[in-house]
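**Student:** One line per chain: the protein sequences are A and B, in this order. For the first sequence, UniProt numbering gives the first residue as 1, with consecutive numbering after it. For the second sequence, UniProt numbering gives the first residue as 1, with consecutive numbering after it.
Be aware that a few hints might be false.
Unchecked claim - Straight-line Cα separation of at most 25 Å, DSS-like style, residue types lysine-lysine; simulated pairs:
hint, chain 1, residue 1, chain 2, residue 2
1, A, K152, A, K367
2, B, K267, B, K289
3, A, K210, B, K210
4, B, K216, A, K216
5, A, K210, B, K216
6, A, K336, B, K267
7, B, K210, A, K221
8, A, K367, A, K238
9, A, K239, A, K361
10, A, K216, B, K210
11, B, K221, A, K210
If you're looking for bench data, these hints aren't it; they were derived computationally from the structure.
Protein chains: 2
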Amino acid sequence: MAKGLSGGVFRSDLQLADGRQISYYDSKEVTRTAVDKRDDKAQPGIGHLRLDPLVNEWIAVASHRQHRVFLPPKELCPLCPTVDSKLTEVPDKDYEVVVFTNRSPALTTPSSNWKLPQISGLDTPNADAAGACEVVCYTQDHGSSFAKLSTKQIRTVLEAWKDRDSALSKLSFVEHVFPFENRGEEVGVTLSHPHGQIYAYSFLPPRIEKMLEAAKSHLAKTGRVLLDDVIAREVKDKKRIICENPEWIAFVPYAARYPFEIHIAPKRTVAAMADLDEKQSDLFAPIAKEALTRLDGVFGIEMAYIASWYQAPVNIGRDCMRLHWQIVSVRRQPGKLKYLSGSESAMGAFIMDLEPEQSAKQLQEVKY
Amino acid sequence: MAKGLSGGVFRSDLQLADGRQISYYDSKEVTRTAVDKRDDKAQPGIGHLRLDPLVNEWIAVASHRQHRVFLPPKELCPLCPTVDSKLTEVPDKDYEVVVFTNRSPALTTPSSNWKLPQISGLDTPNADAAGACEVVCYTQDHGSSFAKLSTKQIRTVLEAWKDRDSALSKLSFVEHVFPFENRGEEVGVTLSHPHGQIYAYSFLPPRIEKMLEAAKSHLAKTGRVLLDDVIAREVKDKKRIICENPEWIAFVPYAARYPFEIHIAPKRTVAAMADLDEKQSDLFAPIAKEALTRLDGVFGIEMAYIASWYQAPVNIGRDCMRLHWQIVSVRRQPGKLKYLSGSESAMGAFIMDLEPEQSAKQLQEVKY
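Looking at chain A on its own, in the form it has when it is part of the complex (with noise of 0.2 Å):
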């Protein structure tokens, strides 16, 4: 039976033929029930998780994921509906939104007694790496974008996003939940079947520590959500804002780190995606369509781009961490690319050649 969320959508869940978990997010009423006809096949092994001591970060080594098992032919899109003896990642002949386990995750469930190394230096020992991989598949149209999905598509991935970081959140093993969506070949994509991903860590990522000590610090400094008064300046500001709704703001921010780069944030403060609600969530497809209908016309191409939703972790940080969604694009020219090199990438130090006023511009004149 299918499970009503909120926003009018129903979840199936089934299971594939390897033991992972699939479920479909449908605008209506019904319940799923394709068999995935494949033949079973084992899941891959846990990879581990090492510290890097000369920064104290935790690297996941997922060797496991070179061997991967089953990749289907060139012809044969993994993410599309299975179409008779066609058989994909989906088992049934259609869907609208669907999420499943990633057939080689970097991340997995471990054992029930795991526990996250104290970190102590050298003598930190490894650990399995814990966590989830997810795919999510926003359409079954092979041919389309997160950009041209229906606003009503767009709300029920967005139901999907919500559903999934409340189940993730709820893991024993899980400290940060990111949504995030790859697009492009110069960002490494290979399947060009409009889906993004989802990562569950179960340490807090390099960026969300960093961020987590910033606001931490405004929240006692000032008693206020620091992404608060960073959307409240560029409300004030005016010439970095993209477009906005009642719910929603997109700008380019005021230290923006790429060429293009749009951060949309829900106007009331929220902690993490699956406490967004109904009039927020509802808001939501009309702007994510036109920033990134104002990102693909800026150069009339389609962007190459990583969105990243940031949101506060899972147990800590909830009073001053909140949700937004970060939308960078490395295109600087429609025949140049912005490289991570040396500065940022072995530095961390980034160099903008391009005002944020700039491209704010160029996204603002975008006709739309």
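Using the hints, position chain B against chain A.
**Tutor:** For chain B alone, kept in the frame of chain A given last:
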């Protein structure tokens, strides 16, 4: 008159037509005098630093770089020596090693009263992007590469690095000196002439801040230098060592982030480049050549890489940070690159598809 440096190297200092500084480094006593015959061009302006309040990191906005002046035609490499009427960045008709100020520097000399603002969240003012960006040409031979240089030539490059580290460290507005090389189109290199760069930052780059924090805490806890202990573990584990000599050791680090990653460090503790003594300097070339040659040998192709010198900041951490060279390659397999996508670039959480021991084995098996 040329100035004698260690290692039998002599330096001649001159100015380019637009006022930029150029230094020739020669392995014999010659005094360079060639005049830059190009039209005098004004230097581009200075960029500015903006604080990203979400993580308290400085972003250098260098929009003046978009309008770069004088880019020579494609058939004329600007890093080759000047021949007849083909006027390049190097006015002399030949050279061994040459260092000059970048024509469109992201960081440059500020006014004399420049000061880095205190970080105070959203109220932090912008600052001029103080610092320096220099180009280091490793050889006049356009088709060569660092690995193919003679040991004598590498010794001269090293003296140039040491000399520039020393000079840049003395500038009142410089906090950290970072010599590096991006090689290969895969990492965005457009000039194939063998060369590296030096960035001198007026702030601590985020990665250095983090390394400093780990090194300080290790010193406080153990009384020892972190990298000393890291190397001791590599020596004990043995299996990730690629090559060594009495003064240097090269290894794939225990928690490597990239498919092929080699760290090369002097065995005796040295805080920064300029502190390398004669014995260490003499034995750098053989290990550098071997490590880079092995890297190219893994797939029998010139490997794209980012080679970064990490060292102690100019004014702090000299007692706990130490010099080492990190060479990382994004190539996983002959036809496959590792892209920094969502997890790495947005979360800072690295996923390694190859065990460091496996990539060490591949590097060890290359015939040398």
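**Student:** Now look at each hint and say whether the structure bears it out.
**Tutor:** For each hint, the structure was consulted:
no.: 1; hint: A:K152 with A:K367; result: holds, 23 Å
no.: 2; hint: B:K267 with B:K289; result: holds, 17 Å
no.: 3; hint: A:K210 with B:K210; result: holds, 10 Å
no.: 4; hint: B:K216 with A:K216; result: holds, 23 Å
no.: 5; hint: A:K210 with B:K216; result: holds, 18 Å
no.: 6; hint: A:K336 with B:K267; result: violated, 42 Å
no.: 7; hint: B:K210 with A:K221; result: holds, 23 Å
no.: 8; hint: A:K367 with A:K238; result: holds, 19 Å
no.: 9; hint: A:K239 with A:K361; result: holds, 8 Å
no.: 10; hint: A:K216 with B:K210; result: holds, 18 Å
no.: 11; hint: B:K221 with A:K210; result: holds, 23 Å
Consistency note: the structure conflicts with earlier hint 6 alone.
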